[in-house]
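Order-wise, the sequence lines are chains B and U.
Going by this note's numbering, the first residue of the first sequence is number 1, and it counts up by one from there.
Going by this note's numbering, the first residue of the second sequence is number 1, and it counts up by one from there.
It should be emphasised that the hints constitute simulated quantities derived from the structure, not laboratory data.
Some hints could be false.
It does not matter which identical chain is used: a pair holds within one copy or between any two.
What the hints assert, rightly or not - With a cut-off of at most 35 Å between alpha-carbon atoms, the simulated DSBU-like pairs for lysine-lysine come out as follows:
(1) Lys310 with Lys468
(2) Lys415 with Lys68
(3) Lys415 with Lys149
(4) Lys33 with Lys63
2 protein chains.
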Amino acid sequence: MIKYDKLVTNAAGRVVPEIINGENHVAYQGVGKYKPTGFKHAPRIPSCADYPADGNKLVLTLKEALLKAGLRDGITISSHHHFRDGDLIALQVFDIAHELGIKDLRWFPSASFPSQARLTQYLEDGTISHIEGSMNGPLGRFCSEGKMKKLAILRSHGGRYQAIQDGEVKIDIAIIAAPTADAFGNANGTTGPAACGPLGFALGDSQYADKVIVVTDNLVPFPCVPWQIHGNHVDYTVVVDKVGEPEKIISGTTNITKSPDRLLIAEMTAQFCEEAGIVQNGFSYQAGAGGTALSIGIYFEKILRNRGWKARFIRAGSNQYPVSMLENGLVDYILDGQTFDLEGVRSMRENPNHLDTSPFTSYNYHSKGNFAGLVDVVILGATEVDLDFNANVVTHSDGILLHGIGGWQNCLFSKCTILPIPLFRDRIPVIVDRVTTLCGPGELIDVIATERGIAINPRRTDLIEKLKNSKLPIKTIEELKAEAEAICGVPDKPEFTDEIVAAIKWVDGTIIDVVRKVKQ
Amino acid sequence: MIKYDKLVTNAAGRVVPEIINGENHVAYQGVGKYKPTGFKHAPRIPSCADYPADGNKLVLTLKEALLKAGLRDGITISSHHHFRDGDLIALQVFDIAHELGIKDLRWFPSASFPSQARLTQYLEDGTISHIEGSMNGPLGRFCSEGKMKKLAILRSHGGRYQAIQDGEVKIDIAIIAAPTADAFGNANGTTGPAACGPLGFALGDSQYADKVIVVTDNLVPFPCVPWQIHGNHVDYTVVVDKVGEPEKIISGTTNITKSPDRLLIAEMTAQFCEEAGIVQNGFSYQAGAGGTALSIGIYFEKILRNRGWKARFIRAGSNQYPVSMLENGLVDYILDGQTFDLEGVRSMRENPNHLDTSPFTSYNYHSKGNFAGLVDVVILGATEVDLDFNANVVTHSDGILLHGIGGWQNCLFSKCTILPIPLFRDRIPVIVDRVTTLCGPGELIDVIATERGIAINPRRTDLIEKLKNSKLPIKTIEELKAEAEAICGVPDKPEFTDEIVAAIKWVDGTIIDVVRKVKQ
Chain B
1 MIKYDKLVTN AAGRVVPEII NGENHVAYQG VGKYKPTGFK HAPRIPSCAD
51 YPADGNKLVL TLKEALLKAG LRDGITISSH HHFRDGDLIA LQVFDIAHEL
101 GIKDLRWFPS ASFPSQARLT QYLEDGTISH IEGSMNGPLG RFCSEGKMKK
151 LAILRSHGGR YQAIQDGEVK IDIAIIAAPT ADAFGNANGT TGPAACGPLG
201 FALGDSQYAD KVIVVTDNLV PFPCVPWQIH GNHVDYTVVV DKVGEPEKII
251 SGTTNITKSP DRLLIAEMTA QFCEEAGIVQ NGFSYQAGAG GTALSIGIYF
301 EKILRNRGWK ARFIRAGSNQ YPVSMLENGL VDYILDGQTF DLEGVRSMRE
351 NPNHLDTSPF TSYNYHSKGN FAGLVDVVIL GATEVDLDFN ANVVTHSDGI
401 LLHGIGGWQN CLFSKCTILP IPLFRDRIPV IVDRVTTLCG PGELIDVIAT
451 ERGIAINPRR TDLIEKLKNS KLPIKTIEEL KAEAEAICGV PDKPEFTDEI
501 VAAIKWVDGT IIDVVRKVKQ
Chain U
1 MIKYDKLVTN AAGRVVPEII NGENHVAYQG VGKYKPTGFK HAPRIPSCAD
51 YPADGNKLVL TLKEALLKAG LRDGITISSH HHFRDGDLIA LQVFDIAHEL
101 GIKDLRWFPS ASFPSQARLT QYLEDGTISH IEGSMNGPLG RFCSEGKMKK
151 LAILRSHGGR YQAIQDGEVK IDIAIIAAPT ADAFGNANGT TGPAACGPLG
201 FALGDSQYAD KVIVVTDNLV PFPCVPWQIH GNHVDYTVVV DKVGEPEKII
251 SGTTNITKSP DRLLIAEMTA QFCEEAGIVQ NGFSYQAGAG GTALSIGIYF
301 EKILRNRGWK ARFIRAGSNQ YPVSMLENGL VDYILDGQTF DLEGVRSMRE
351 NPNHLDTSPF TSYNYHSKGN FAGLVDVVIL GATEVDLDFN ANVVTHSDGI
401 LLHGIGGWQN CLFSKCTILP IPLFRDRIPV IVDRVTTLCG PGELIDVIAT
451 ERGIAINPRR TDLIEKLKNS KLPIKTIEEL KAEAEAICGV PDKPEFTDEI
501 VAAIKWVDGT IIDVVRKVKQ
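Just chain B, with the same shape it has in the complex (with noise of 0.2 Å):
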């Protein structure tokens, strides 16, 4: 099978292919542009006469499990990420495939990291044929140098559940790590040992997949409660000694920043979001678990305390920080995707204010809706942005695939988008002529704030009137280049072959850019 087939240049003028591992993809035509035709994924019925009467789905080994469900060659296996570097099930899938010879697996996570990168011996030797999902590091380093024998898709948390929905990726086998479970599948992540916050990245796969494998290492008598993941969905648990690691959901960036820079970006956005009226009572943010954005987190805090004003909600990746403005009654809800420590863990798990959220509720873009719009400002990170607003998150200065897109696409659709990042790093200025891998559409992108002034989107002149008479140091994008480039100087490009290794997705379903080989 060729990788890739029938290249087109999209509405943002990249050369994508429609053809994709054999199957036929769209290529992007603009934000809110495409319109889907057809029909949601429909699952084959199933009924419970098929099913234990008593509702005891247990099997003995993961093993047993994974031959019922139909473990076989060339069929797709999905898994979450909500233990992000402490998972520890997805690895002995792949062990058991490999061991019973199985071949050619298409990998659907929603998201691979570092304490996976073993898996490459089965991406060499045939066991995985590829990855589709977000490809945290040597993974997406692998990629990156040409060694996936099929071509990778990234999608965004919201783009994953439309794929999955729409039926562009038919689950075979999903794969359920969960924290607690009872017998007939029901499963939460709030609550024994290995507690990890929400399963939310696992909804869709519970929903649509054909099987669904749910593994605990705390089997409680039915209910548990909260069943986040219903047992409906489930056609076997498994218990094993130790699901996932807790301790490392923990990301590195989840401690405010130090850097007196990083400290003046987030001072100045905050300020800027003060200014322009977006920080009022009853407003809501949304901030990653970067240093900078949990710093902005930390300045709108002392804002609301200073005035008096409560926001409605936080939407998160929770840690420490929105859980305290939780519990010092500065924010109604937190609304929470995934938790980044164990403090959002605890919360979720006693507070019933802090709600579990999943992409379908907040980033499916082929709904009715999504929370992603309602949110009033979105701080998101990038790795490059160019003079068109356009942002890059997935690769690095120096080409290579190093991250995910996560939630950050569908985040861009809230009331403004805010990206805080610093005019250079180690030497190398972040705005550019043209991103390397275009992720993010400009016109969706409001603000750019770095530490030697803020840029505001020329078509939110709403904003730029807000601001007119501020003391901020608002400037134009290309002064903001001219200032980092001035320093810095211009940088060479990174090096690439012809040779596409993946392709990005919009979260409309369509293709929004590609990640072309590195030249090694």
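Starting from the structure of chain B, add chain U where the hints point.
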């Protein structure tokens, strides 16, 4: 259109049509025998691009929402019955349809109630062609008299979800009356002035209907928490003055019985469960809202208290009695599909161990198992039982359709099903040669408990063995029937015409029996 055609004798020996209102149906084949071969209903893929960017889906009036949703001749409109006899919205919907001259609507409620009796005028003038759903009281009588233009179809709660999920009933517009909602369409029944408990009966409607309208009298800022209905499924939201009368969710039968005979039945039933080893630490039960069932719950409570035991869960229809058990530490969880009094509503709102369920989790037979099979014992009612333990729950001794199936059929899949019933009502014996309308196959009904003796289904040799030394009056069902007839005589059977007016579905979507027009 002919109302029905292609009569066949099904596996229960009942003559049923396989064509109803021009559509194909399958005759009952036996418990667990019919295996679905198709795929779940696949709704059209929506796009956020077609919904308001800020999530505000408010339209000014119900009429405007109906018109935007495509109200037109011949479509199917669904509604839920969580307000029971206090619903205020379904009548308005059909008033609007009538005013607009719309004809031939199929009304697909989860149940209809006496307060909706004036819809007979729209059934007569052709605004509504027919009802598919439980008909309690006057609408059932109207149907029994052969006045409906098309054939009615009655389904259990689980069967209704199954029919929606399987695409057997395609809902064009779902109307979801909600005690609280936000403009995005997230909605719940637990908060607000008209709080009525869960909204689970509307879950399938929200997931699969073409258009979904949420109607509320308590609009809150996003997010409406809990979101029992996901706004991501909702097209329009409407605010009205009053959405329902929550005081009318109270069923007339939610008081403990004062009848000495019924108290005796309750006591014997509880004692039976104790002697059979069903009541034990960690056991589970479902007792309905009837006076006898409630009294059995009180006896169960006494046993638990005396032994120092705790039930794992109570399946409900909740009211003050299970709520007090939960609050007194006699049960871990209430799993609640509809609340029967305001104490139940309060508890569901306040107590995280009082969980709202849906016909999907609890009852859907075309699922990978459901909760019904996990319940140790269910206590149900019946209007008639026959010598094969078959039971009727929809027609009265006069042959008139006066009740819906509710969750009754679904509950039969518990580990033990007991029907505590008086041996006769108004001097008419309840045990008959052959039930007028077959709703539940005898192989799923384990015990009949009457004031004059308890009959164990001969299939349950395990129960017979356990009770062999009991002092309880264990008798055969033939003995019980003979006793009743010795007192009351053998009553005349109701007289029917040949005309079929309603089909009764089994939990798997097959037709288990029909209701015929009564002779006037």
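- Item | Lys310 and Lys468: within-copy, between-copy, both or neither at 35 Å Cα | within (27 Å within a copy, 67 Å between copies)
- Message: Reference check for the pair Lys415 and Lys149, CA-CA at most 35 Å: within, between, both, or neither?
- Response: neither (40 Å within a copy, 51 Å between copies)
- Task: Have a look at Lys415 and Lys68 and pick one of within, between, both or neither, based on CA distance no larger than 35 Å.
- Result: between (47 Å within a copy, 26 Å between copies)
- 35 Å Cα threshold - placement of Lys63 relative to Lys33: between (45 Å within a copy, 30 Å between copies)
In this structure, only the earlier hint numbered 3 is contradicted, and the remaining ones agree with it.
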